[in-house]
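Asks: Residue-level listing of the chains:
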Amino acid sequence: MLTAFRLFPETGSTIAKHVDHLFIFLLIVSGAITLLVFVLIMTFALRYRRRRGDKTIPPATRTYTSLELTWTIVTFCLAMVMFAWGAKLYARMFDPPDSAMVVYVVAKQWMWKIQHPEGHREINELHVPVGQPVKLVMSSQDVIHDFFVPAFRIKHDVLPGRYTSLWFTATKPGSYHFFCSQYCGAGHADMVGQVIAMEPSRYEAWLAGTAPEQTPADAGAKLFVKFGCAGCHGVNAPTLAGLYRSQVTLQDGSQVTADERYIRDSILDSTSQVVQGYAPVMPSYRSQVSEVQMMQLLEYIKSLKDPAAEEGRIKKP
Amino acid sequence: MTTLPAPLSGSEHNYLSRDYHVLSWLLTKDHKRIGILYLVTITAFFLLGGLAATLMRLNLLTPNGWLVEGATYNKLFTMHGVIMVWFFLVPAVPAVIGNFIVPLMIGARDVAFPRLNLLSWYLFTIGGIVALTAMVRGGVDTGWTFYTPYSTGYANTYVFLTATGIMISGFSSILTGLNFIVTIHTMRCPGLTWFRLPLFLWSLYATSIIMVLATPVLAITLALVAAERMLGLGIFDPAAGGDPVLFQHLFWFYSHPAVYIMILPGMGVVSELITCFSRKRVFGYSFIAFSSLAIAFFGFLVWGHHMFVAGESTYIAFAFSLLSYIVAVPSAIKVFNWTATLYKGSISLETPMLYALGFIGLFTMGGLTGLFLAALGMDVHVHDTYFVIAHFHYIMVGGMVMGYMGALHFWWPKMTGRMYPEWWGRFSAFTIFIGFNLTFFPQFILGYLGMPRRYHAYAPEFQTLNVMSTAGASILAVGYFLPLCYLIWSLRYGPLAKANPWNATGLEWQTTSPPPEHNFESIPTVDQEAYAYHLMEVPDAR
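Protein chains in written order, with our numbering: chain S, 1 to 317; chain G, 1 to 542.
Mixed in with the good hints there might be a few duds.
As the list claims (entries may be wrong) - Going by beta-carbon spacing under 8 Å, a handful of chain S positions derived as facing chain G:
| hint | residue |
| --- | --- |
| 1 | LEU35 |
| 2 | LYS55 |
| 3 | CYS77 |
| 4 | ALA79 |
| 5 | ALA87 |
| 6 | ARG153 |
| 7 | LYS172 |
| 8 | TYR285 |
| 9 | LYS302 |
| 10 | LYS305 |
These are calculated hints, taken from the structure and not from any lab test. Note that beta-carbon positions come from the ideal geometry of N, C-alpha and C, so glycine has one too.
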């Protein structure tokens, strides 16, 4: 399946067919314009070709403003249709459903480290169940990389120092290449792997068959004590229970949603987004927490449920 | 144009034969000689950049990359990009053709600042030598884009030296742009009003504005990269609180307008060639002229479309996508106007015209595939794949190099006083057209299939199309090698050129081929619009 010669890539995600539809629309419009220009040029070049000895002076060109306006407006309208279609699709591509299962991806020169919520780790392979939205939360340990799955028609850069994310729902079982598509050095072309999409039952069997060492949340709980977080949070610093995906009011009165990026920034750049009513006393953990530890801490913080939230006192987005 | 002095037929000395001493070239202030100096320099760079491309295409014959290893391949594509962008495409039409032709076209004796003009060639050459030194000493592997933090903290190659070379040559760009702006403003001959200017000058004027405004940003950006590498400033390094994406904003703020520095002069050339070889006044003069300015203006507002998957916000992406579609409209206007100019013309297909028609066709394809990349949801899939490579080569090689070759053949008789062999000219124009399409069309398909750019080895399902592309590149190489041979041959053996071999309207054809040192015996005056071909008789078809 991976080696056959083909002119069109296989489709393995729910979004792929929408990208293909837009592609075909663009292909038809631009094909028609190309054909028009080529046919006109060829026709004029042959029809009005100067014959030997023909001294007839061609008529002076007249510019028809109506014609100019027509093709300007038609071109503009076509362009706006393309813009709107592309923008709508893009908005959808980067708006993951709430039900998405989160998988962490850490990129480094030149490999992909992947960890599932249940604790399973993989290198350059990503097992996912078919039909289940999967959200990748990605970060890099060194330079900029890019996670690209052609069969899913998705990609996004993976940056050092911050989280970016991607999501997809695989539609049929199979293995699909993924590539690093942001140039990252000598081993750039080796930074490839496979997404293995499996029927949910087989995915469960795969999970059961590869025992995790410990879940990231468990590891995070230990780090929470080790780094001394537990000494303040819940005591004289804001409690972290129920923090994930809640609305947080900052010192300047603005509100942010406490997503992965906010929590990460708060750990690394601890005085930039302080919660209203608290002093900016937390030290930065910038050089102390590795990307993998960060991911474990995040999973731990996300696992802290606030009992009040269950009763509906804190508004969830 | 009417009230012009008779061509100087009996003149003893032209700008070439005036003095043969080497110093008379190296210290010349004559815009024509400086144009020739640039021609020789950029031809050497083109051959070096082409050599790098040849090795890359050979390596990509097999999926595992049989010729060079990853690190070497990375240096090759960096060398190809750096040389072709900054040391060939940017100066090609402005510095070679523009330098030679602009004063002749406006009926002036030289550019406004002849000494600055010579200085710009020296800066360009010194910059080029510095960049070449870096390549000879071991190369640089960041790609021509120098993305941080790879270039600042991880690349262990000659980043600093290469950036220095590019920065020095950037000043040459700025000086050339400045010179053209002042020359076009102040040195037009009597009667040559703005709306009588040949469209080549409008496009070069727009180009010059971009050169002057955008190039300093490149210099600043490269200086920041160098400072971060040497001093560890932490502007782009996230570990020190910097932002690597900031580099991309700065870099593309120059490098997107730079795309228009590279294509606008080619568009100007096409307006000259289409009118001359169809004996027609151009259709929609003011629409073409103002579309050049519109491209220059909107070209500054679209840089973010290089970063749709780099982590910019969704709303910013919407804005940049919208603006990218707006900049497409003036380009489309040009194509339609050129095509309409051909209608009911008296068309002869000499070599320059073949290149001009090739430009229109290939630029159209390059521009339309740009619409795919401007569509946000589409770009996510094809970004950083061979689709992008194919797209910009259709613009840069299919468009700009075609335009440059057309210009070189069109003005060759004026520059050298000799005609090139017409049959060979046509033959190599066809060879280039076929070779080009065979090289780059398969890359569109490769890109949609998902082959990422900058891979020295690739998944086996991509091989067939890569072999086609390499086969095409070998035809393309022959196509470029032929003009090199016959143009040099023509310097000695080509038939002597008449003052106006194409029976064209521009002022440059009213003086001898090659022109005397100060261009015109007496300054001409103009009393009619550009491209008044309907007032001239038709030459015999060859």
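Asks: Each hint needs a verdict: does it hold in this structure or not?
Replies: Consistency of the hints with the structure:
1. The closest approach between the C-beta of LEU35(S) and any C-beta of chain G is roughly 10 Å, which is over the 8 Å cut-off, so the hint fails.
2. At a threshold of 8 Å, the smallest CB-CB gap from LYS55(S) to chain G is about 5 Å, leaving the interface hint in force.
3. Violation of the interface hint for CYS77(S) is found here, the shortest Cβ-Cβ separation to chain G being roughly 10 Å, above the 8 Å cut-off.
4. At about 4 Å, the closest approach between the beta carbon of ALA79(S) and any beta carbon in chain G falls short of 8 Å, and the interface hint on this residue holds.
5. Proximity of ALA87(S) to chain G holds as hinted, the smallest CB-CB distance being about 5 Å (cut-off 8 Å).
6. With a cut of 8 Å, the hint placing ARG153(S) at the interface with chain G holds, because the nearest CB-to-CB distance is about 4 Å.
7. Of the supplied interface hints, the one on LYS172(S) is violated, with its beta-carbon coming no nearer than about 17 Å to a beta-carbon of chain G, more than 8 Å.
8. The interface hint given for TYR285(S) is violated, since its Cβ lies 12 Å from the closest Cβ of chain G, which is over the 8 Å cut-off.
9. Restraint check, LYS302(S) versus chain G: the minimum CB separation of about 22 Å is more than 8 Å; hint violated.
10. The beta carbon of LYS305(S) comes no nearer than 30 Å to any beta carbon in chain G, farther than 8 Å, and the hint placing it at the interface is violated.
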